[in-house]
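Undergrad: Read off the chains here:
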Amino acid sequence: MIRFILLQNRQGKTRLAKYYVPLEDSEKHKVEYEVHRLVVNRDPKFTNFVEFRTHKVIYRRYAGLFFSLCVDITDNELAYLESIHLFVEILDHFFSNVCELDLVFNFHKVYLILDEFILAGELQETSKKAIIERMGELEKLE
Amino acid sequence: MAMHGMRGLSVFISDIRNCPNKDQERLRVDKELGNIRTRFKNEKGLTPYEKKKYVWKMLYIYMLGYDVDFGHMEAVSLISAPKYPEKQVGYIVTSCLLNENHDFLRLAINTVRNDIIGRNETFQCLALTMVGNIGGREFAESLAPDVQKLLLSSSCRPLVRKKAALCLLRLYRKNPDVVNVDGWADRMAQLLDERDLGVLTSSMSLLVALVANNHEAYWTCLPKCVKILERLARNQDVPQEYTYYGIPSPWLQVKTMRALQYFPAIEDPNTRRTLFEVLQRILMGTDVVKNVNKNNASHAVLFEALALVMHLDAEKEMMSQCVALLGKFIAVREPNIRYLGLENMTRMLMVTDVQDIIKRHQAQIITSLKDPDISIRRRALDLLYGMCDVTNAKDIVEEILQYLSTADFAMREELSLKAAILAEKFAPDLSWYVDVILQLIDKAGDFISDDIWFRVVQFVTNNEDLQPYAATKVKEYLEKPAVHETMVKVSAYILGEYSHLLSRRPGCSPKEIFSILHEKLPTVSTTTISILLSAYAKILMHTQPPDQELQNQIWAIFNKYESCIDAEIQQRAVEYFALSRKGAALMDILAEMPKFPERQSSLIKKAEDAEIDTAEQSAIKLRAQQQTSNALVVTDSRPANGTPPQVPVGQLSLVKVPSMISNEDHNSTDHALSHENGTLSKVDPQPPSADLLGDLLGPLAIEGPPGATVQSEHNAVSGMEGGPGAVDDVSAIVPIEEQENTVQPIGNIAERFHALCLKDSGVLYEDPHIQIGIKAEWRAHHGRLVLFLGNKNIAPLVSVQALILPPAHLKIELSLVPDTIPPRAQVQCPLEVANLRPSRDVAVLDFSYKFGANMVNVKLRLPAVLNKFLQPITVSAEEFFPQWRSLTGPPLKLQEVVRGVRPMPLPEMANLLHSFRIMTCPGLDPNPNNLVASTTFYSESTRAMLCLIRIETDPADRTQLRMTLGSGDPTLTFELKEFIKEQLISIPMAPRAPAPPAAALATPAATPTPQIPPNDPAALLAGLLG
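Chains as they are written, first to last, in UniProt numbering: chain A, 1 to 142; chain B, 1 to 1026.
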């Protein structure tokens, strides 16, 4: 199961943080700091998996943004790695050619999209089409 | 796509982005927080739009890492907003800002429930999402049935149902006791027929959690899972939107195979065949392609299929395919695949016996141990660790050691721990084990936990052959220029204990060893100084003949640290200084440490206990619990030297002694004996074996109640607790040559004697070196005693001498006492006693032995006392009165008024007489305050002689009584009268007596009681009462 999802830029600024396990604020800050340090200097030729405490961080870098999922050590790494890409594709579709600024100024939308993609630390929907359509419905309600 | 902007929010985000530095950013944030706080305080003028905007700003600030300690209420209150835009913000921000333990969430439960059971589908979704993300126990309690209903509802859109499935999963994972899933098997099976792959994906996650918990209940889901997998793998009827780079939902495939891993076996042959066809297709049909995403997705499916094949195991043919595939993967360049190859090979080791096949890849795996990516190195290390056995341990450990010097810090601790465990588990010989650990300490001292060096000390202590080797080795390391402190600790310990074994070798004299160790003292921390001080004390003790110069040197160090600010060091310094002047006591207190009881390596335990926190227990672990494969047996095997069977101490110790005591009265010696019997062992014709010693020592010094060593240490030092000044005083008072009796007895000798007067077996004497037990049998005027001389030490007791100083009335023959008592052995010395005539005089055993340079001599009263020659007899009135009347007066019949009697009720007095084998004859005296009693006394001169006793008590004054005693022999009459009087006045060891009376306490511990002249009872009384 996914313990938390982080979107951080190279400088360590958090662009999105979603926790599916109860953590105190101070602990969240610590986690964000540690995960950033863990992934930011890794060689692009390295694996996309890195141990973090008793879990595993599956991360992927898109331009200056790091998408990190913290999962159980028994989880299927590649499946989660590709779920990151699927999420990026959804964002890309939604924002048409997504860049970091889109995510910054529309962070509330990103949370909304994430809630249609992942729930309770598990994948909820893997159809890009279904999620984009759902977002369209929600946009109309605003 | 249209962006519904919130101008205020965008402006704020721009402002933050434009801040040139962190300080400016903080100022801007603080300003905004102040603004929001003010606006929230004045809620009346706040429009829903503004409220929404401020709550978003709060979330943004929070995301940047600033503390937001207000406004939670406003966020929660938005949940109750009637319109979607506000409600949505309320739900999303609440689930980001608060966690399940937050009190405010309670306030929202009602609204959330209303949204869930309401008709607004959008609201349902928002509520399900928040509960699914942060729902706690109270949510589970109040919402689970509603969520279950939604999941099964046919009128709900898939959108709601997939959220309901995952919301339920969360509630179930968090509180399985609250969510009622009885009878859910059918519903889950029904859910698996779902055509919508979104709902199916969510439901499959729920199924995994349910099956992991109870696979038996969900067996009807098994064929459905296989069907789903088949549908996906054959790409039948999979909508385009659910294929990912041409692969039918890899995530659902993975989840489905995960669920299947929780079923122990597949019974139905058709289902089984279908599944194996699918798996075969996945294993053989997955090619490496150029597109990264496609490649990852297909390999995600492939690795899950591998896991499922490993689990189903039976098809050996497929298993070898798996091993072949993994062998290929661990050699590829693509890092993710190589990583997963290594990881899955390790998993494979856990489920099947493929050790031999995997060993072929050892070289390849070792290459990965040196990969630049730490993630790969870790997997390689895990695999090497898992595949290690006796055949390759040396190679693998050497590799790890070699790698250790260049490994980065993040891995050194793990490398060291694993190398230490492997060295311990698979050591071909123990000296190699010692080598490995010392190398580890040398190369990665900072990463060596205490457990590791404690363990090597345990091994060395328990294996005598290893001791000289270990001592030589640590000495070599100490001579190196830079030595890690952990090395100093191990070396100090080992050299302290065992350097004397090397003393004949060049460069290994006590003085040299001391100076090598002492060189390190200025550079080490306080804990290590303590260990060094112990080592010095031990070196000093082992220096034979004593070396005055070394002694002065070490004493000077002790002196210096007597005022150390660290209490531990100070105590050691003071005590070792005092002890090192104690001669023989030192030898025992500082004797070699006893062996450690064999136990599971704390290292291995540490490795096994490694916390694994997963949402569901892993299928492999579950499986491992159900059945142990060969591989697991290897993992569990004990250290090479094995565990000696644990023999309960009771079986080895002298059974008779404690068993006879146990049904006696609650005497204080009972306690002393019961925890000392571990030290009494039967005489062993051969020197006891090492294992036997280990077992005997176990309860004594390691796990049992405070053992002899501890106690004696306490005794020896207790006199010096007044601080350094007091030490000087003592040493000034006690000249060296008079230190003969520095050995302190354990327990009160007088009490032990008195206890033995009343019973026939027990401990007569004990000190740190020896325990003397006694067991006696009496028949008429003959007695047979056996002395049990037990050497408690691991060194022999020499010059053992036992002399009996018999009084005139006893004839005592002692059989030969051996000159030497071997270590830990016990010898029995029978003693024949004959009673010639009545007397209260006591025989004395003059016992001496030599331990080290010290002569110990004690004089002990033997419990061959008058009452041992009594035989209780009950006489009738017809027998009593004629006899009584025939004894007309002195010297055959004596009467005395006894004062100063310990007040006691009559029955207690009767019991007391019984314990001396004097029988009361109830009913003979009409006065209930009087006692009449009788006994038979045996001696060579008197033969069996009847004694009659009458005691008249005064209920008004229980401290006095009149006693009349008659027998056919004047000496007997007098002696017995005096004997009984002594017992009534001072009952040294009477049951329940709170403390021995003054007379007993005044008795010098190691000398017999001075005999009061039998012809002067008045003086006796005066002495006792004055």
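Everything labelled a hint here was simulated from the structure, so no lab data went into it. Note that the coordinates shown come from a computational prediction; the quantities given were computed from them, not determined experimentally. The beta carbon of each residue, even a glycine, is placed where N, CA and C say it ideally should be. Some hints could be false.
[Unchecked claim] A partial selection of chain B residues facing chain A, derived with a Cβ cut-off under 10 Å: (1) LEU59; (2) VAL93; (3) SER95; (4) SER154; (5) CYS156; (6) PRO158; (7) ARG173; (8) ARG195; (9) GLY198; (10) TYR242; (11) TYR244; (12) GLN617.
Undergrad: Hints first: check each against the structure and report whether it holds.
TA: Checked hints:
1. LEU59: Check passed: Cβ of LEU59 (chain B) comes within 7 Å of chain A, closer than 10 Å.
2. VAL93: Cβ of VAL93 (chain B) sits 9 Å from chain A, so the hint holds.
3. SER95: holds, 8 Å
4. SER154: Hint on SER154 (chain B): violated, closest Cβ of chain A at ~20 Å, above 10 Å.
5. CYS156: It is violated, given that the least Cβ distance between CYS156 (chain B) and chain A is near 15 Å, above 10 Å.
6. PRO158: holds, 9 Å
7. ARG173: holds, 8 Å
8. ARG195: Constraint on ARG195 (chain B) not satisfied, violated at 13 Å.
9. GLY198: Interface hint status for GLY198 (chain B): holds (5 Å vs cutoff 10 Å).
10. TYR242: holds, 5 Å
11. TYR244: Constraint on TYR244 (chain B) satisfied, holds at 7 Å.
12. GLN617: Because about 9 Å separates GLN617 (chain B) from the closest Cβ in chain A, which is inside the 10 Å limit, the hint holds.
Hint compliance for this structure: hints 4, 5, 8 are broken, all remaining hints hold.
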